[in-house]
Amino acid sequence: MIKVALKGLAGRKLRASLSAFAIILGVAMVSGTFVLTDTMNGAFDSIITQSYKNADVVVSGKTAFDTDSNGNTVQPPSFPESVLAKIKALPDVNAAAGSLTDDKTKLVGRDGKVVAKGGAPNLAFSVDPGGDQRFNPLEVTAGTWPEGPNQVAIDSGTASKQHYAVGDTIGIQSRGPVQTFHVAGIVKLPGVSIGGATMSVFDIPTAQKLFHRAGKLDVIRVQAKSGVSTPQLLAEIKPLLPATVQATDVAAQVKKDKKSVSFTSFIKYFLLAFAGIALFVGSFVIANTLSITIAQRVREFATLRTLGATRRQILKAVVIEAFVVGALGSVVGLFLGLGLAKGLNALFKVIGFDLPTAGTIFATRTIIVSLLVGIVITLVASLRPALRATRVPPIAAVREGATLPPGRFARLMPILALITLALGILLLGYGVLGHGLSTANRLVSLGFGVVLLFFGVSSNAARLVRPLASILGWPATRIGGAAGVLARDNTMRNTKRTASTASALMIGLALVTFVAILGQGIRTSFESAVDQLLKGNYALTATDTFTPLAVSAENQLAKAPNLTTISGVRAGSARIYGSTDNLTGADKNLAKVIHLDWKEGSTAVPAQLGMDGAFVDHKFAKKHHLTLGSPIKVTTPSNHTFTVHVKGVFKLPNGGSPFGSVTISNALFDKNYPSPENEMVFVNVRGGITDANTRILDQQVKGFADAKIQTSAQFKKNFERPINKILILLYVLLLLSVIVSLFGIVNTLVLTVFERTREIGMLRAVGMTRRQTRSMIRHESIVTALIGGVLGMAVGVFLALLVTHALSSEGIVFAVPWTSLVIFVVATILVGVLASIFPARRAARLNVLEALQYE
Amino acid sequence: MSETVAVPAQMAATAAAGEASSAGPVVSATDLTRRYGEGDTAVDALRGVSLDVPKGQLTAVMGPSGSGKSTLMHILAGLDKPTSGEVAIDGTAISKLNDSDLTKLRRRHIGFIFQFFNLLPMLTAEENILLPLSIAGAKPDRPWVDELLDRIGLADRRTHRPAELSGGQQQRVAIGRALVSKPTIVFADEPTGNLDSTTSGEILEVMRSSVDSYGQTTVMVTHDARAAAIADRILFLDDGLIVKELGRSDAHEVISVLEDIAAR
Ligand SMILES: Nc1ncnc2c1ncn2[C@@H]1O[C@H](COP(=O)(O)OP(=O)(O)O)[C@@H](O)[C@H]1O
Ligand SMILES: [Mg+2]
Numbered sequence: 001m002i003k004v005a006l007k008g009l010a011g012r013k014l015r016a017s018l019s020a021f022a023i024i025l026g027v028a029m030v031s032g033t034f035v036l037t038d039t040m041n042g043a044f045d046s047i048i049t050q051s052y053k054n055a056d057v058v059v060s061g062k063t064a065f066d067t068d069s070n071g072n073t074v075q076p077p078s079f080p081e082s083v084l085a086k087i088k089a090l091p092d093v094n095a096a097a098g099s100l101t102d103d104k105t106k107l108v109g110r111d112g113k114v115v116a117k118g119g120a121p122n123l124a125f126s127v128d129p130g131g132d133q134r135f136n137p138l139e140v141t142a143g144t145w146p147e148g149p150n151q152v153a154i155d156s157g158t159a160s161k162q163h164y165a166v167g168d169t170i171g172i173q174s175r176g177p178v179q180t181f182h183v184a185g186i187v188k189l190p191g192v193s194i195g196g197a198t199m200s201v202f203d204i205p206t207a208q209k210l211f212h213r214a215g216k217l218d219v220i221r222v223q224a225k226s227g228v229s230t231p232q233l234l235a236e237i238k239p240l241l242p243a244t245v246q247a248t249d250v251a252a253q254v255k256k257d258k259k260s261v262s263f264t265s266f267i268k269y270f271l272l273a274f275a276g277i278a279l280f281v282g283s284f285v286i287a288n289t290l291s292i293t294i295a296q297r298v299r300e301f302a303t304l305r306t307l308g309a310t311r312r313q314i315l316k317a318v319v320i321e322a323f324v325v326g327a328l329g330s331v332v333g334l335f336l337g338l339g340l341a342k343g344l345n346a347l348f349k350v351i352g353f354d355l356p357t358a359g360t361i362f363a364t365r366t367i368i369v370s371l372l373v374g375i376v377i378t379l380v381a382s383l384r385p386a387l388r389a390t391r392v393p394p395i396a397a398v399r400e401g402a403t404l405p406p407g408r409f410a411r412l413m414p415i416l417a418l419i420t421l422a423l424g425i426l427l428l429g430y431g432v433l434g435h436g437l438s439t440a441n442r443l444v445s446l447g448f449g450v451v452l453l454f455f456g457v458s459s460n461a462a463r464l465v466r467p468l469a470s471i472l473g474w475p476a477t478r479i480g481g482a483a484g485v486l487a488r489d490n491t492m493r494n495t496k497r498t499a500s501t502a503s504a505l506m507i508g509l510a511l512v513t514f515v516a517i518l519g520q521g522i523r524t525s526f527e528s529a530v531d532q533l534l535k536g537n538y539a540l541t542a543t544d545t546f547t548p549l550a551v552s553a554e555n556q557l558a559k560a561p562n563l564t565t566i567s568g569v570r571a572g573s574a575r576i577y578g579s580t581d582n583l584t585g586a587d588k589n590l591a592k593v594i595h596l597d598w599k600e601g602s603t604a605v606p607a608q609l610g611m612d613g614a615f616v617d618h619k620f621a622k623k624h625h626l627t628l629g630s631p632i633k634v635t636t637p638s639n640h641t642f643t644v645h646v647k648g649v650f651k652l653p654n655g656g657s658p659f660g661s662v663t664i665s666n667a668l669f670d671k672n673y674p675s676p677e678n679e680m681v682f683v684n685v686r687g688g689i690t691d692a693n694t695r696i697l698d699q700q701v702k703g704f705a706d707a708k709i710q711t712s713a714q715f716k717k718n719f720e721r722p723i724n725k726i727l728i729l730l731y732v733l734l735l736l737s738v739i740v741s742l743f744g745i746v747n748t749l750v751l752t753v754f755e756r757t758r759e760i761g762m763l764r765a766v767g768m769t770r771r772q773t774r775s776m777i778r779h780e781s782i783v784t785a786l787i788g789g790v791l792g793m794a795v796g797v798f799l800a801l802l803v804t805h806a807l808s809s810e811g812i813v814f815a816v817p818w819t820s821l822v823i824f825v826v827a828t829i830l831v832g833v834l835a836s837i838f839p840a841r842r843a844a845r846l847n848v849l850e851a852l853q854y855e
Numbered sequence: 001m002s003e004t005v006a007v008p009a010q011m012a013a014t015a016a017a018g019e020a021s022s023a024g025p026v027v028s029a030t031d032l033t034r035r036y037g038e039g040d041t042a043v044d045a046l047r048g049v050s051l052d053v054p055k056g057q058l059t060a061v062m063g064p065s066g067s068g069k070s071t072l073m074h075i076l077a078g079l080d081k082p083t084s085g086e087v088a089i090d091g092t093a094i095s096k097l098n099d100s101d102l103t104k105l106r107r108r109h110i111g112f113i114f115q116f117f118n119l120l121p122m123l124t125a126e127e128n129i130l131l132p133l134s135i136a137g138a139k140p141d142r143p144w145v146d147e148l149l150d151r152i153g154l155a156d157r158r159t160h161r162p163a164e165l166s167g168g169q170q171q172r173v174a175i176g177r178a179l180v181s182k183p184t185i186v187f188a189d190e191p192t193g194n195l196d197s198t199t200s201g202e203i204l205e206v207m208r209s210s211v212d213s214y215g216q217t218t219v220m221v222t223h224d225a226r227a228a229a230i231a232d233r234i235l236f237l238d239d240g241l242i243v244k245e246l247g248r249s250d251a252h253e254v255i256s257v258l259e260d261i262a263a264r
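The listed protein sequences correspond, in order, to chains A and B. Under my numbering, the residue at position 390 of the first sequence is numbered 390, and the numbers go up by one with no gaps. Under my numbering, the residue at position 181 of the second sequence is numbered 181, and the numbers go up by one with no gaps.
No wet-lab data here; the hints were simulated from the structure. Hints are supplied without guarantee of correctness; some may be wrong.
With the C-beta cut set under 8 Å, the calculated list includes, among others, these residues of chain A facing chain B [claimed, not checked]:
1) Ala-5
2) Gly-8
3) Arg-299
4) Ala-397
5) Gly-401
All figures in this text were calculated on a predicted structure; none of them were measured in a lab. From the three backbone atoms N, C-alpha and C, an ideal C-beta is built for every residue, glycine too.
Isolated chain A, as found in the complex (with noise of 0.2 Å):
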């Protein structure tokens, strides 16, 4: 029996493969998702690992906490370098070597930018020319360490891409403006790419320098001599510590900076998301296409039961079919998935997220949960499929065109998809507008229910199919003519087959238009709330908008002849009421430039906050239950601690401020912070927004690679980048989902032509052209396609509707983006008309007189 089920499937090859198309990138986006995540973590071990070669004992600053509140390293505090001296004279230590490192030392690539896009890593470090580089996890691949004043080493991919080479000059931009330095050699660290970061390298006295670190130093790396342990050496080096300095194991300090890399884990659980999804319509697909050729094979298990077939026979050959699709799908996705690392490693880079790697690591935690995913979720597909063959009487072997008998509770089924569809609907309401829900609860209401609303909208659908394609279909029968009539009322036939072809590409688009609108109510929201804050002519930002720049530059602009007010917005990260929150940082002008609405205290405040004021928003200020003189501790990076007082509370806008939970004066900040920065800076002119001014402005921050001026409206447009970059990102993702539906729709069109190969005939021999043929399979492609596309959007709206509604307090409104929906019809009919290619081929070469024998 088994062998009869695998010959079947391998005299069906065509369409067995079609099923497998189902599965095969569900599994490829999990098997791709696995390959990229480890190779990224694979990359920043053997980065970590690396760093701390031949060490055995790491001294460095300490810092009140590791990561700040955007999920970045804290950069530790710099010690005295008397330090190094000290530990070099015990008498276990076998070598010492003290550097510095730097992430706000930048390189300039040709274009006078800096080199390094979209966030990705500035690391600049120290070497000792002279030393022994035993502790230097760098390698030089051309010219020489840097040594002296004007001397660097540059990485090798920032060299090959920006073209320079030993000899060359190029521009550093670290605390002031830029300054040009020699190249005097390339490095790289080996077996790793480090992706979109860029490597500065510079002797130690002109780190320092840069750094504004003079006579100090990061981090010590010791080497214990042979026969001395480790605990042996962290006790013998700890006593001659200053109380901000910390001694550490390597081990110990390698698992933790394994663990500030865990962002790989939520990239890893994000993609995987949009894998469960690809997966979750691939079902659906499978589902169909399995529920059709068992229909298309009816006979054949009669034939099987009048042969003395058990029921459960015909159960375990279906099932076993679909163990082998799924087993083969997987594999082929397993594989597909080692090149769609690649895929989503581009795509990241796109969105300027590009991330170390190193050696492919294809992990057999890979291999197995790839095909384990596929198999279970094919197989769970052929369930209901493989019953209903088991329902198949004997005696259809004898009747003509004998149909699949309906299911045990078939009767039952439209009631049942009433109720699943009541069901996710109130499991979303219930989720979203639930009171006092904890979000875990929430999360898991709103998923079932999501869920749930697909399986309810898709099971009631066929329901739908008649109206929608008589609408949806019109279109088709003016431009198809005959054609075209025909393939509207072929998709009406059978209205459950073309209901779940519909439906497949049904989630996708609703996804799609959720994430669409949510985009569009983010952007709104965002608009208005700069519309109402922003007063200023111009803001001075980083080149991306968002890292914050050195100060020098502002102190550069405020030098400007035609300025009459400018006022930075210092940013960084401090620990406050137990938690890492953003502190920033305001200046006295601030009124005249940003707007805020003030619940408590006046415009004056920001003028008054002084060495020991603050003011917060009314939400923290709701939170912690703060009025006007209540004290707040904050503690910085470096461990500094110093209490502030609420001088006022402002009104946050819906669409968010720049401002962090806790603003202090600027003074306050620059006190606290060894090496401040502003997220952003505002600037009135004289005369406003005019050509010349901004002419004026660029020229006086001409020195500054990292740092743009843009006027207010601009600044607006920049702020909505990253958003619709991840509006890209998630339509990519999305796109997906999509492509398994369109396979779905091949399957369908495929098997509709295999089933009416003598319908196909007869009209072809009563006189339809080939090019009739394919259009009528192309319309009902189409009409199908978009059934799903309005269904779709349908649900999407809905569920943007919802979830608006419940952030509706976060300040996000329901906005629908035309365009966008506009665009989405258009890409629906695209998918159409690109599923049908292939069925749409194959009937027309049908061979009329074989075609009119098929039997």
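Once you've looked at the hints, dock chain B with the ligands against the given chain A.
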């Protein structure tokens, strides 16, 4: 004239019964009725049919189109349930059997030959023939299979797939498949209905020889008088009732009975 033919047929039946000793008829049906549909549109396909199929005989069921031949055969074979009445196969009343017992009964006792062959297209001729055994998880008896292949004239076609065989050859495969498990009884519904007359003749010969050589009890539904002429016994059905029974007869006799029925 019919009596002279009927004698040897009866003798054959007695001989077969003698071999089976006290086993009695292989299949017996009592008071079968079958109603399709309900109310005004109900059709009574069978209106009270009783019959015994003796062992080792070829029984033909004849009658005009729509007279209930197929319905009767389906019910005798346990493919369909009668509205009333009972069928016993090899002494077992089948109306109370559940699906799995019925399946087991099919494996052991019943072989089918269909008008449209119903071969599995992806299996070779031999694999199709062995299918009932592999479904039942039984080992094929090689000498028997080889003999069978010889008998149906497909020894040199065993690796061909149905699509590579002619209609007649396909039907021979189907006969081989029906015989391979040596079932108690073989049912054939219009086995020559889809074949030309020469091929039909060959198929009928194969069927007759299986009865003669192996004592294979067979029930064949047909409306072809030539087919009926190879039978040991012919039952005539009209409007859901057995209206006449003949022993061995030639085609002319069969045709004249059919004409009689048509004239009524
Ligand atoms: N599945 C069915 N549903 C309804 N009526 C049927 C069905 N099968 C057969 N009949 C009717 O029962 C009668 C006998 O049919 P059948 O046994 O196929 O006759 P035969 O095989 O002698 O031509 C006919 O009137 C036919 O229309
Ligand atoms: Mg019939």
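Hint check:
1. Ala-5: Result: violated, 10 Å to nearest chain B Cβ.
2. Gly-8: Given a least distance of 5 Å, the restraint on A:Gly-8 holds.
3. Arg-299: holds, 7 Å
4. Ala-397: This interface hint holds because 6 Å falls under the 8 Å limit.
5. Gly-401: Result: violated, 12 Å to nearest chain B Cβ.
Checked against the numbered hints above, the structure breaks hints 1, 5 and satisfies the rest.
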